[in-house]
Amino acid sequence: MHGRGYRVGMQIVEARSADEWEHVTSDAFVPLTCVAFAPDFHGRIEFERFDESLMVSHVETDGIAVDRTARQAAHANSDDIHLTFQLGAPGIVRQDGHEARVTAGSVSTYATDRAYQLDYSASEQRQVLVQVSKRALGIPVEVVEASCARLLVNAPDAAEVLFATLTESRGHGDVVVAETVRDLAGTMIRSSVTGMRVLPSTRGGMLATVRSFMRGNLHDSELDVAHIADAHYISRRFLYELFEPFDETPGEHLRRLRLHRAAALLSDPGNDTVLQVAARCGFADATTFTRAFHREFGMLPREYRTRPAELPAR
Numbered sequence: 000m001h002g003r004g005y006r007v008g009m010q011i012v013e014a015r016s017a018d019e020w021e022h023v024t025s026d027a028f029v030p031l032t033c034v035a036f037a038p039d040f041h042g043r044i045e046f047e048r049f050d051e052s053l054m055v056s057h058v059e060t061d062g063i064a065v066d067r068t069a070r071q072a073a074h075a076n077s078d079d080i081h082l083t084f085q086l087g088a089p090g091i092v093r094q095d096g097h098e099a100r101v102t103a104g105s106v107s108t109y110a111t112d113r114a115y116q117l118d119y120s121a122s123e124q125r126q127v128l129v130q131v132s133k134r135a136l137g138i139p140v141e142v143v144e145a146s147c148a149r150l151l152v153n154a155p156d157a158a159e160v161l162f163a164t165l166t167e168s169r170g171h172g173d174v175v176v177a178e179t180v181r182d183l184a185g186t187m188i189r190s191s192v193t194g195m196r197v198l199p200s201t202r203g204g205m206l207a208t209v210r211s212f213m214r215g216n217l218h219d220s221e222l223d224v225a226h227i228a229d230a231h232y233i234s235r236r237f238l239y240e241l242f243e244p245f246d247e248t249p250g251e252h253l254r255r256l257r258l259h260r261a262a263a264l265l266s267d268p269g270n271d272t273v274l275q276v277a278a279r280c281g282f283a284d285a286t287t288f289t290r291a292f293h294r295e296f297g298m299l300p301r302e303y304r305t306r307p308a309e310l311p312a313r
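Okay, so the sequence shown: first residue is 0 according to numbering that gives the first Met the number 0, each after it adds one.
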């Protein structure tokens, strides 16, 4: 990890010129050279260092292009890669003669010990960037190198799990989160390179994957604890153990997700009936849905739908 002695924790830095941005990025990431920037440029980085091998940053810029020159890369003092989720305007990533266009939803990987170019000249750029040591990912280094050679990551399910974890843990990082992020990053890269589904190896990674699977299948009324365990090649006992620290069972968590999805749908001014909302959230009948909803929110679904906007549920 680059830095003249890193400091664990969250920091926020801003810049309004090319010189300032070069200084900011050199301190936060690796030394870079600005090659183009908008006259009204503004950049902001919110970065959280977990340890010497992992940092997560939320980056916002308005019109800039930067180079990591061969000379700068030659002085790299780490084997870090950048794993970047593109959220805002499109851009272009170049390394080793390869080029990839990134748009909202794209995930890219490139090595910081080799030259690269980032063209983020379009305004309203937003990225979430994971800077992590290759050797800390728990997968063969040659797999990481293969991912960097491709530039773009193609593992949407694994990427969704990692992105959700980065979002949920923002500003609340600890040792467990760091372990989970490294595990999920390695899982995503390996899945992309092999073209196969890869399951995480840590409890935190498996829990995040299970939760994401639940969220993606709330419409399935037959989804239950047994199906969830089988889908992840784990025992039901282990699945229950994953949720023990949160004082709820997997079934309780699934039901809570269903009910909160239903509440979101009921808050939408769409035309779905209560029965249709129940079905979309995996409830086989309206009676079961209505009773469960009342227990969770203290009101019936139809009352929730017509409540004043400023009135919160229980």
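Wrong hints could be hidden among the right ones.
[What the hints assert, rightly or not] Here are the computed distance ranges between Cβ atoms for each label pair:
hint, residue 1, residue 2, range
1, Val142, Asn216, 24 to 32 Å
2, Gly297, Arg93, 24 to 32 Å
3, Gly215, Met195, 41 to 49 Å
4, Glu59, Asp173, 57 to 65 Å
5, Ala285, Ala64, 49 to 57 Å
Derived from the structure by calculation, the hints contain no laboratory data.
Source: prediction; values computed, not measured.
Cβ atoms here follow ideal geometry from the backbone N, Cα and C, with glycine treated the same way.
Against the structure, the hints:
1. Val142 <-> Asn216: 24 to 32 Å: Given range 24 to 32 Å: holds, Cβ gap about 29 Å.
2. Gly297 <-> Arg93: 24 to 32 Å: Violated: the Cβ-Cβ distance is about 55 Å, outside 24 to 32 Å.
3. Gly215 <-> Met195: 41 to 49 Å: 19 Å, violated
4. Glu59 <-> Asp173: 57 to 65 Å: 25 Å, violated
5. Ala285 <-> Ala64: 49 to 57 Å: 56 Å, holds
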